[in-house]
Amino acid sequence: MRSTSIPRRTFVKSAALLVGLGSAMPLRATIAAGGPSSLEASARAWAHEFSGNPGMAAVGERCLELGVAESDPTVLVKELDRALRGCTLSEGGTEYGDLRKSLGALRRAEFAHGDMVRVDGWVLSRSEARSYALSAIVSARS
Amino acid sequence: MLIDARSLPPETDIETDLCIVGAGPAGLTIAKRLVGRGLRIALLESGGPDFEPEINLLAQGEYTGIEMEPLEATRVRALGGTSTVWEGHCRMLDPLDFTPRPWIPHSGWPFGEKEIAPYYAEAQEIIKLEPAEYDIAPWSARTNSPYLPLDGDIVFHRISLIRPFNFWADYASDLEKSEETSIYTFATVLRIQAAADGQSITHLDVGSPSGNRISFRARRFVVACGGIENARLLLLSNDIHPYGLGNHHDLVGRYFMEHPRFVSGTLLLSGGGFPVRSLYSEIYLHDGLSVRADLGIRPEVQEREKIGNVLGRLRPTGREKLSEGGEAARSIFKDLRRGRMPDQFMHKLWTAISDLDEVAARAYQRLYAARTERSNSFEVHGYLEQVPNPDSRIVLSDKRDAFGQRRAHLIWNLTDLDRRTATRAVELFAQAAGAHDVGRVRVEVASEEVFPPGTDWGHHHMGTTRMDDNPRRGVADRFGKVHGVRNLYVAGSSVFPTSGCATPTLTLVALAARLADHLEKTYTGRKE
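Protein sequences appear in the order of chains D and Z.
If you're matching positions, the first sequence starts at 1 in the numbering used here and goes up one per residue.
If you're matching positions, the second sequence starts at 1 in the numbering used here and goes up one per residue.
Incorrect hints may appear among the rest.
[What the hints assert, rightly or not] Facing chain Z, from chain D, some residues (calculated, C-beta under 10 Å): (1) R85; (2) R118; (3) E128.
Simulated from the structure, these hints should not be mistaken for laboratory data.
Yeah, the Cβ is synthetic: ideal placement off N, Cα and C, and Gly gets one too.
Can you build the whole structure from these sequences, using the hints too?
If you want it as structure tokens, here you go:
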């Protein structure tokens, strides 16, 4: 793990990717809400999406170092799923395209409610930080 | 009529109805408004028609606490006062600024915004702020300039109208033509002389650089020589009241406030580049008038967070700093566009000419490239309301000026509440940027480091003779009359009980117009 702060360029790349405005996501996965099997599906979807994004992983490493996100990937997936479901996801399956929308809505809602964390000065929504952390873990394992 | 006090015979005695000390925006506004109303007015200015470095040294002083520029560098002793050099930013205080806020000690004005509203309208007319429009949408449409969708529950856009209005240049002909008005230049007030019972003022002792002494007798006196000098002059006038005039409750000089300005964060846009030339970086309109958009925190959020008022200014990043020659050329261009002769013109011109390559490159950049230039990030600058603090104050120094008068000593202190406002405000801007998907903010201000390197000050000196109807809480009443002295008034930003985050000139001009109204309505012609 590096102990330096996040370089601005790294943050720009990763933020643009995660915020997802204008960036094309190739994956169109389906996840289902509820039960353990859906959690596995979510984890697979997240893992597939977050592997190979060094910028996000770098920010995620800092999130983990600073303790602003959980270090257990199962907990991270659970928390992200729970937050998403609480925010906009309906029962049943949804396309990843919708998931992206939902993630955006979740981040906006978290900011609006002040559910934020600070990483090297950058103010992120809590789920955003968790997403980065998950990316770091997935990248380290792949 | 313009009179050079240096040419008056020694020991001259002058009698008039109203004597105004200081020919800056406040003093000039009062004089102008009372011209033709049957009052003989003497307007005293320590400086002359132009800036003279030696005269300005009378404004030298010391400071402890927060480091700032030398005091004399922040004020001008000349006809027009500091309006001869100001940037011209005009904004009204917010309604909340006038209200007592339980979370801010010593907050609240003796009157609400409704009381000052007609005078704000008048001040806008005086400074020619047309149209006096303060919503972002009409300005965006008018200037064809986009703005970031940040308005919501937390943040809103503020508009500043900018005109570096020189009050003397505009008022001179009316005042000079007036037979009842005499303007004395090079007339430095050394003492406000109280009667033996201490309840009224008999005359002003005035000195000029030629060594003569003049005595000005009047029915009423208005002290309008700035946020530092108003307090200094009251403290210096201590022969009858040993602690100075209006200082029965040890309030004169206390509650000094400024507007600290510093880089508080970086906003990284998520939606791609934004035009560098936009309302955020000032758009020139016409006839010396410009407009700029900034950010504010909603009053209900200030209340919920228990913070002071604050303004957020966005500045596009990534632009190279100007060289010395480029800076000189920019300064000349800016002044000429505003219709005034640049100060140190020849020096600046020479600096620009000797750096012609850079100046030419910058001119090309400005004229052509900048029209399409975009930036994906902004510096977020915080302009802070300094909350009232009795330990932030002006006292008299043991050092003396050319007249043998004790200089001002500024002891400038901030509070934990100021520090909290500085950090919390940028977090709130970050919150709004995230909630509206505008981007992400990196907070540059740590709670223990409110004033990072590069911090600047507004050069706005306020609060040292604050208004309050209760003499135990204020030096002057709601009109500016000094408590306990029948015929002495103070005018200018020194009477502000709180500073808000608006530049003070528009408000002090509105208050000056209001005081002029009051003086006219209550003038009886009898000795007071």
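Quick one: which hint numbers does this structure break? Sort them smallest to largest.
Hint 1 is the one this structure does not satisfy, whereas the remaining hints hold.
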